[in-house]
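Visitor: Residue strings, one per chain:
Number of protein chains: 2
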Amino acid sequence: MEVFNVIKNRRTIRRYKVGVEVEEDKILRIMEAGRLAPSAGNRQPWSFIIVKDRDVKKKLVDACRGQGFVADASFVVVVLGDPNASRWYRQDPFIAASFMTLEAYEEGLGVCWIGAFDEDRVKEVLGIPKELSVVILLTVGVPDETPPQRPRKALEEVFYLDRYGVRYPFKR
Amino acid sequence: MEVFNVIKNRRTIRRYKVGVEVEEDKILRIMEAGRLAPSAGNRQPWSFIIVKDRDVKKKLVDACRGQGFVADASFVVVVLGDPNASRWYRQDPFIAASFMTLEAYEEGLGVCWIGAFDEDRVKEVLGIPKELSVVILLTVGVPDETPPQRPRKALEEVFYLDRYGVRYPFKR
Numbered sequence: 000m001e002v003f004n005v006i007k008n009r010r011t012i013r014r015y016k017v018g019v020e021v022e023e024d025k026i027l028r029i030m031e032a033g034r035l036a037p038s039a040g041n042r043q044p045w046s047f048i049i050v051k052d053r054d055v056k057k058k059l060v061d062a063c064r065g066q067g068f069v070a071d072a073s074f075v076v077v078v079l080g081d082p083n084a085s086r087w088y089r090q091d092p093f094i095a096a097s098f099m100t101l102e103a104y105e106e107g108l109g110v111c112w113i114g115a116f117d118e119d120r121v122k123e124v125l126g127i128p129k130e131l132s133v134v135i136l137l138t139v140g141v142p143d144e145t146p147p148q149r150p151r152k153a154l155e156e157v158f159y160l161d162r163y164g165v166r167y168p169f170k171r
Numbered sequence: 000m001e002v003f004n005v006i007k008n009r010r011t012i013r014r015y016k017v018g019v020e021v022e023e024d025k026i027l028r029i030m031e032a033g034r035l036a037p038s039a040g041n042r043q044p045w046s047f048i049i050v051k052d053r054d055v056k057k058k059l060v061d062a063c064r065g066q067g068f069v070a071d072a073s074f075v076v077v078v079l080g081d082p083n084a085s086r087w088y089r090q091d092p093f094i095a096a097s098f099m100t101l102e103a104y105e106e107g108l109g110v111c112w113i114g115a116f117d118e119d120r121v122k123e124v125l126g127i128p129k130e131l132s133v134v135i136l137l138t139v140g141v142p143d144e145t146p147p148q149r150p151r152k153a154l155e156e157v158f159y160l161d162r163y164g165v166r167y168p169f170k171r
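The listed protein sequences derive, respectively, from chains V and C.
For the first sequence, numbering that gives the first Met the number 0 gives the first residue as 0, with consecutive numbering after it.
For the second sequence, numbering that gives the first Met the number 0 gives the first residue as 0, with consecutive numbering after it.
There could be a bad hint or two in this list.
Copies of one chain are not kept apart here, so a pair can be met inside one copy or by any two copies together.
[Stated by the list, open to error] For lysine-lysine, the following DSBU-like pairs were computed, each having C-alpha atoms within a straight-line distance of at most 30 Å: (1) Lys152 with Lys170; (2) Lys7 with Lys129; (3) Lys129 with Lys16; (4) Lys51 with Lys7; (5) Lys58 with Lys7; (6) Lys25 with Lys7.
Calculated directly from the structure, the hints in this document are not laboratory data.
Generate the whole structure from the sequences, applying the supplied hints.
Guide: What follows is the structure in structure tokens.
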């Protein structure tokens, strides 16, 4: 599908068909999408834990403030940043996660970004070294809902031309 | 083009065909790609200045540690985050910028992410309010180079299964 259509049709998905295993070739392309993302100085200050194990996912529910759908996802991507690799360790992994998200939709999957988590608990559950940072979690699975698009600010509210506050001359 | 091919073929582009104006419908789709990106709590803690003016671009060269190609880009996207809108003000704009980047490639354009800039100077040049944060700059233009792919860490180095350090069982 064209990039634009994937971006336009993407919705955050929190309800998944439970017990569905995602084909490995799809997971591999999602991983590749992340691996190939750009980063400052090509430092790639990231690593990822793909959590498929049902018991581990259940423990992540707890670490994610009780968000139960985490256990229903086919897998969870725990995105880590390495402060020793780059000062962009909290931002560059978001590029990789963005690319992985769009590739997941291309593969017919749905994603939810989870920022509400207890970092220490996530680290404990997954044996993550202290020196790394848990940046974000993505739940991935086969969508079992078709949510409407959530409202967005108008283009005029967020885009300026040449100087802050100067209206962009949209021709529409 | 399929998302995966855009991601795979994308290269960071620092040489642009100079003096080329990008069609407004392309710019509009790039903007839409950013506007439609997800953010924590749908806060959309971002705004963007599209810099096309030649003199302003030249001033940005200075503010970007003398990176001369900034002036050659058809336009520069200055990505701002709003700390008062979300605690994710430095990360969520990276999702929008990632979506905009992929859409730019879909449109036949090339992008370079610029993290080396003097924030105070960028703010001064563009009249950006003190309370906002300059998160990243993107230069966008018609590519005038075809760089090789830069090396990436192997999948095995960055992806684990169910627990940090546990090798993912790649079947390749």
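Visitor: So, for every hint listed, does it hold in this structure?
Guide: Now for the hints, and whether the structure bears them out:
no.	hint	in the structure
1	Lys152 with Lys170	within (18 Å within a copy, 44 Å between copies)
2	Lys7 with Lys129	neither (38 Å within a copy, 33 Å between copies)
3	Lys129 with Lys16	neither (34 Å within a copy, 46 Å between copies)
4	Lys51 with Lys7	both (28 Å within a copy, 26 Å between copies)
5	Lys58 with Lys7	neither (33 Å within a copy, 35 Å between copies)
6	Lys25 with Lys7	both (21 Å within a copy, 15 Å between copies)
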